[in-house]
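Peer 1: Here are the chains, one letter per residue:
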Amino acid sequence: MLTSVELVEFAAKNGIPIWALDASIALVLALAVFSLCGLGVIVLVYMERKVSADIQLRLGPTHVGPRGTLQLIADMIKLLSKEDVFPKHADRWLFRLAPALVFIAAFTGLMVIPIGPRLVVQDLNVGLLYVLAIPSIAVAGLIMAGFGSYNKYAMMGGLRAAAQMVSYEVPRALSVIGIVMLAGSAKLSTIVDAQGFWYIFLQPIGFMVFLVSTLAEINRVPFDMPEAESELVHGYSTEYSGMRYAFFLFGEYIALIAAAALTVVLFLGGWHGPGPELLGPIWFAIKFFGVVFVIMWVRWTLPRFRIDQVMDLGWKVLLPLALLNILITGIVMSI
Amino acid sequence: MISEIIYFSVFVAVGLTVVVLMLGLQKLLQTKRHSDAKLSVYECGNIDVVSDPRIQIKMRYYIFGLLFIIFDVEMIFLFPWAVVFKSLGLVALIEMLVFIMILLLGLLYAWRKGVLKWT
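First to last, the protein sequences are chains A and B. Counting from 1, one number per residue, gives the positions in the first sequence under our numbering. Counting from 1001, one number per residue, gives the positions in the second sequence under our numbering.
None of these hints come from the bench; they were simulated from the model. There could be a bad hint or two in this list.
Claimed, not checked - Derived coverage of chain B by chain A (criterion: at least 3 residues anywhere in the stretch with Cβ under 8 Å from a Cβ of chain A; other residues may be distant):
{"id": "1", "region": "1001-1012"}
{"id": "2", "region": "1026-1034"}
{"id": "3", "region": "1063-1076"}
{"id": "4", "region": "1083-1094"}
{"id": "5", "region": "1099-1113"}
To be verified - In the DSSO-like style, the derived pairs of lysine-lysine whose C-alpha atoms are separated by at most 27 Å in a straight line are:
{"id": "6", "chain 1": "A", "residue 1": "K88", "chain 2": "A", "residue 2": "K78"}
{"id": "7", "chain 1": "B", "residue 1": "K1113", "chain 2": "A", "residue 2": "K82"}
{"id": "8", "chain 1": "B", "residue 1": "K1032", "chain 2": "A", "residue 2": "K316"}
What the hints assert, rightly or not - A short list of chain A residues far from chain B (calculated; beta carbon distances all over 10 Å):
{"id": "9", "residue": "M47"}
{"id": "10", "residue": "P66"}
{"id": "11", "residue": "L70"}
{"id": "12", "residue": "L119"}
{"id": "13", "residue": "E231"}
{"id": "14", "residue": "P274"}
{"id": "15", "residue": "P276"}
{"id": "16", "residue": "L279"}
{"id": "17", "residue": "F288"}
{"id": "18", "residue": "F289"}
{"id": "19", "residue": "G290"}
{"id": "20", "residue": "V294"}
{"id": "21", "residue": "L327"}
This one's a predicted model, so the numbers in the text were calculated from it and none came from an experiment. Think of the CB as a built atom: it goes at the ideal place given N, C-alpha and C, for glycine as much as any other residue.
So here's chain A without its partners, still in its complex pose (with noise of 0.2 Å):
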């Protein structure tokens, strides 16, 4: 969408391929996003930290920096110092594989998502699909690091982490079946656009089935199953330390913010406020923040299920849920 006429004509002129034109903005525009999402992991994790501490009646981190600001960055650096522990009978590439497979998955669904007017790396015709698809592969690494760690509670919580997410992926694409509905398109700028009036108000039904299972699409509490402290350990990254545990993280709080800001473009409008154009980004973050908010409240409000409640919550009132709204949307749309 950057490629100008004038730079086509530029690499015309030079002998550059056009692939490499592509390959080479490709690239800027990736490290431009890595850099985007390794602020907002700071943000949030901090953002985190301070949330759980009004809510709990504590401070929080105050030490390191201002008001604790700089904790992240003392946790990167204590968890890069320390060694890189290879459990004696692991499986050598699952293992090294898996957190690899989980950060760079959460990290390429970031590419549709968009942010402001034009502001999108891709704007996919399939981008509903694909934001929907790529990031939800990371259930192939969590398998990977349950099955490669050769320690029973990472593999307990590697096949729970698959038969939940599994599981909810189902109703999570059949709740926004209705809005793609409503748009006649599956591009995300298109269904922004197709936003006069907030989906959130005429996709009731599905805005709270998507909420849902878009916690535990991305395992946090109350569906943090794969990982419960109590019972597991620490579930799949039991046996993880360092780095490798650290690119876990990562993943996890990339999938927050795709999750909060697909929901954004999905039911709250978007980019769409009150101002010129150019304020789009800036009510973007606000509504972003806004959802990683209530994920964050809900987190630390609710106790988590059991793994038999969340099985049943999935299959038996969200599906039925889902397939209800595409039905009254269907019928209300044809009346």
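Starting from the structure of chain A, add chain B where the hints point.
Peer 2: Below, chain B alone, put in the same frame as chain A:
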């Protein structure tokens, strides 16, 4: 199409480079002190693993996997239908309803059979 694939590959490459760079940095900064106990598997105080953790897994996981595939394929059918729904109207709705009903009957059958119970 080609340009989209290039973008995707570049994103994957950047992610991979970040992972490799960070792990390399850790290699430079870490202090290595080997001990047998550190490398052992995390269990409740055992010196080595008591039994193979790669046990036969519960049948339920497999059944939920099967159910997932059925509904995931349904979802793939629904997406193109939803995109063109506006121009097709009521007939398309009824046709899709028949399709969903068949799958819903399947889900109800699984439910009645007690397949969806976890214990």
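Peer 1: Evaluate each hint against the coordinates.
Peer 2: Taking the hints in turn, this is what the structure says about them:
Against chain A, the region 1001-1012 of chain B contributes 9 residues with a C-beta closer than 8 Å to a partner C-beta. That satisfies the three-residue criterion, and the hint holds. For a cut-off of 8 Å, the count of residues in the region 1026-1034 of chain B with a CB near a CB of chain A stands at 7, and the three-residue condition holds. Only residues whose beta carbon comes within less than 8 Å of a beta carbon in chain A count, and the region 1063-1076 of chain B has 7; three or more means the coverage holds. Beta-carbon proximity to chain A at under 8 Å applies to 7 residues in the region 1083-1094 of chain B; the threshold of 3 is reached and the given coverage holds.
With a threshold of 8 Å between beta carbons, the proposed coverage of the region 1099-1113 of chain B by chain A holds, since 4 of its residues qualify and at least three are required. With a C-alpha separation of about 24 Å, the suggested pair K88(A) and K78(A) falls inside the 27 Å cut-off, and the hint holds. Restraint check: the Cα-Cα separation between K1113(B) and K82(A) comes to about 51 Å, which exceeds 27 Å; the hinted pair is violated. For the hint linking K1032(B) to K316(A), the alpha-carbon distance of about 51 Å lies beyond 27 Å, and the restraint is violated.
No Cβ of chain B comes within 10 Å of the Cβ of M47(A); the nearest lies about 23 Å off, and the non-interface call holds. With a cut of 10 Å on Cβ distances, P66(A) stays outside the contact zone with chain B, its closest approach being about 26 Å. Every Cβ of chain B is farther than 10 Å from the Cβ of L70(A); the closest lies at roughly 18 Å, confirming the non-interface assignment. Interface exclusion of L119(A) from chain B stands, the closest Cβ pair being 15 Å apart, more than 10 Å.
Consistency note on E231(A): stated as away from chain B, and its beta-carbon is indeed over 10 Å from all of that chain's, at 13 Å minimum. At roughly 29 Å from the closest C-beta of chain B, the C-beta of P274(A) stays outside 10 Å, upholding its exclusion from the interface. Distance to chain B confirms P276(A) as a non-interface residue, since its nearest Cβ pair spans about 29 Å, more than 10 Å. Against the 10 Å criterion, L279(A) stays outside the reach of chain B, whose nearest CB is about 28 Å from its own CB.
For F288(A), the non-interface assignment is confirmed: its Cβ lies about 21 Å from the closest Cβ of chain B, beyond the 10 Å cut-off. Non-interface status of F289(A) relative to chain B is upheld: no Cβ of that chain comes within 10 Å, the nearest being about 25 Å off. Every beta carbon of chain B lies more than 10 Å from that of G290(A), the smallest distance being close to 27 Å; the non-interface claim holds. Non-interface call for V294(A) relative to chain B: holds, since the shortest CB-CB distance, roughly 26 Å, exceeds 10 Å.
The beta carbon of L327(A) is not kept farther than 10 Å from every beta carbon of chain B, the shortest such distance being approximately 7 Å.
Violated hints, in rising order: 7, 8, 21; the structure is consistent with all others.
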